[in-house]
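Novice: Construct the entire structure; sequences and hints are all you get.
Number of protein chains: 2
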Amino acid sequence: MSDEMNTKRRRVEVCYTPGQFELYKGDFDICVVIDVLRATSAICTGLAAGVKSIVPVETVEEARSLMSQGLVGAAERNGEIVEGFPMGNSPRAYWNPELVGKSVVLSTTNGTRAIALASKSSQVVIGSLNNLDALCEWLSNQPGHVLLLASGWKDKFNLEDTICAGAIAEYLIDKQQFYCDEDATIAAKFLYRSARENIFSFLKASSHRRRLRKLNLNEDIKYCLTPNTVESVPVLQNGALVDVMKTAEKKMDV
Amino acid sequence: MSDEMNTKRRRVEVCYTPGQFELYKGDFDICVVIDVLRATSAICTGLAAGVKSIVPVETVEEARSLMSQGLVGAAERNGEIVEGFPMGNSPRAYWNPELVGKSVVLSTTNGTRAIALASKSSQVVIGSLNNLDALCEWLSNQPGHVLLLASGWKDKFNLEDTICAGAIAEYLIDKQQFYCDEDATIAAKFLYRSARENIFSFLKASSHRRRLRKLNLNEDIKYCLTPNTVESVPVLQNGALVDVMKTAEKKMDV
Chain A
643 MSDEMNTKRR RVEVCYTPGQ FELYKGDFDI CVVIDVLRAT SAICTGLAAG
693 VKSIVPVETV EEARSLMSQG LVGAAERNGE IVEGFPMGNS PRAYWNPELV
743 GKSVVLSTTN GTRAIALASK SSQVVIGSLN NLDALCEWLS NQPGHVLLLA
793 SGWKDKFNLE DTICAGAIAE YLIDKQQFYC DEDATIAAKF LYRSARENIF
843 SFLKASSHRR RLRKLNLNED IKYCLTPNTV ESVPVLQNGA LVDVMKTAEK
893 KMDV
Chain B
643 MSDEMNTKRR RVEVCYTPGQ FELYKGDFDI CVVIDVLRAT SAICTGLAAG
693 VKSIVPVETV EEARSLMSQG LVGAAERNGE IVEGFPMGNS PRAYWNPELV
743 GKSVVLSTTN GTRAIALASK SSQVVIGSLN NLDALCEWLS NQPGHVLLLA
793 SGWKDKFNLE DTICAGAIAE YLIDKQQFYC DEDATIAAKF LYRSARENIF
843 SFLKASSHRR RLRKLNLNED IKYCLTPNTV ESVPVLQNGA LVDVMKTAEK
893 KMDV
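If you read the protein sequences in the order shown, they are chains A and B. If you use the numbering used here, the first sequence corresponds to residues 643 to 896, in order. If you use the numbering used here, the second sequence corresponds to residues 643 to 896, in order.
Warning: the hint list may mix true and false statements.
Note that the list lumps identical chains together, so a pair holds whenever it fits in one copy or between two copies.
[To be verified] Here are the computed lysine-lysine pairs in the PhoX-like style, where the Cα-Cα straight-line distance is at most 25 Å:
#, residue 1, residue 2
1, K650, K846
2, K846, K817
3, K796, K762
4, K667, K888
Derived from the structure by calculation, the hints contain no laboratory data.
Specialist: Laid out in structure tokens, this is it:
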């Protein structure tokens, strides 16, 4: 592709870990934060299920403080619900009629840290396999360059976030509105193409999946690895994640 | 695999970039530094071709200083030979009868920086596709855990180093003396298996390869992507890389 063509298209790249974000951040307008197992899957599911907003915070202390101010508290560390909180980051817990219209405060091991990092330099959108098509459609209608930021596991590469990022990159590049220029993005697309027929089977070899299996989370994992269960597009606005698809619906009602 | 079995085997993992080395370094006895295009390919080729030793240094200034003390100078930045040096990091330049028995000082954009980093906490060995089988055979006969450190490109992931690391990991794990526990290693093995029939074709999509093509390095790239052209195993000893296979031969002669 010529440089001239590149300047007319938008760029999409994959960053494998929050620790590498520094190398990318200045060049992108939108940052899609991905933590498939399980923070961003839970966020997409929760907003689709009727949660009004989700406030992502880095520390358990911040979560506790906002919980004391009336928000529903959700906190996870190392795959388990933090003591004193009614919820962690299991997407299934967010399909709960009692949460409809409520605001939730959420702190997780990797995902909310990545959100905090990304929010300093670009618009933050939440990605997962669960909201794949809705997100890609929305991204293709926004102006600007897109960085897909995998949350990883304690700053190391993980397969599920990379495959999800590869799926988004593939969609955007296939639509010919986007190009990529980095090997990390090429490898993510390749891993996605190899995995897409059965992402769950492909991840059998994943260390992260093995780790979570110990915690009896197989049902959660199957759900998180299922594309297009919801149509939400969570965007960070004034510190809270809201579903811009619902905002758009409301505007159309008026 | 049970934890008990793991403790009897040795661990091998892939670190994609020098920037992530900090997350791995304490756990490994041997660090294989990989910079396929082109520093480590040049080192393996040079020692196989009769160069006595190669002193890797981080800065061009250090290289200049050692050159003034009588070493043959080699320095590369951004794919080109640094002004004032007779050589850069093209492996073909190292097949030179005039270099037999000589010592070379080498500084490159990514590779020699990775060597300096790795040498602080473990034994450093040099890996490339060119010395793949000799290296793997040697590693399988050493005690200790092995980290495969890709040099990347300016701290970002690159495909050729990852594929080379995946090839080494595959060999060691197939021999059932080693296990891996990280998604990065699983993905590297997967990328290698996908690429191995024709690594050159697989890398057609690589940004790094595109960048080097501009510098008319196609012949170099083809050479660097060819497995098993040499049988050297360069190990860092007292600040200089020497071929331990030749040392072993000499010992046997005595």
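Novice: List in ascending order the numbers of the hints, as given earlier, that are violated by the structure.
Specialist: 4
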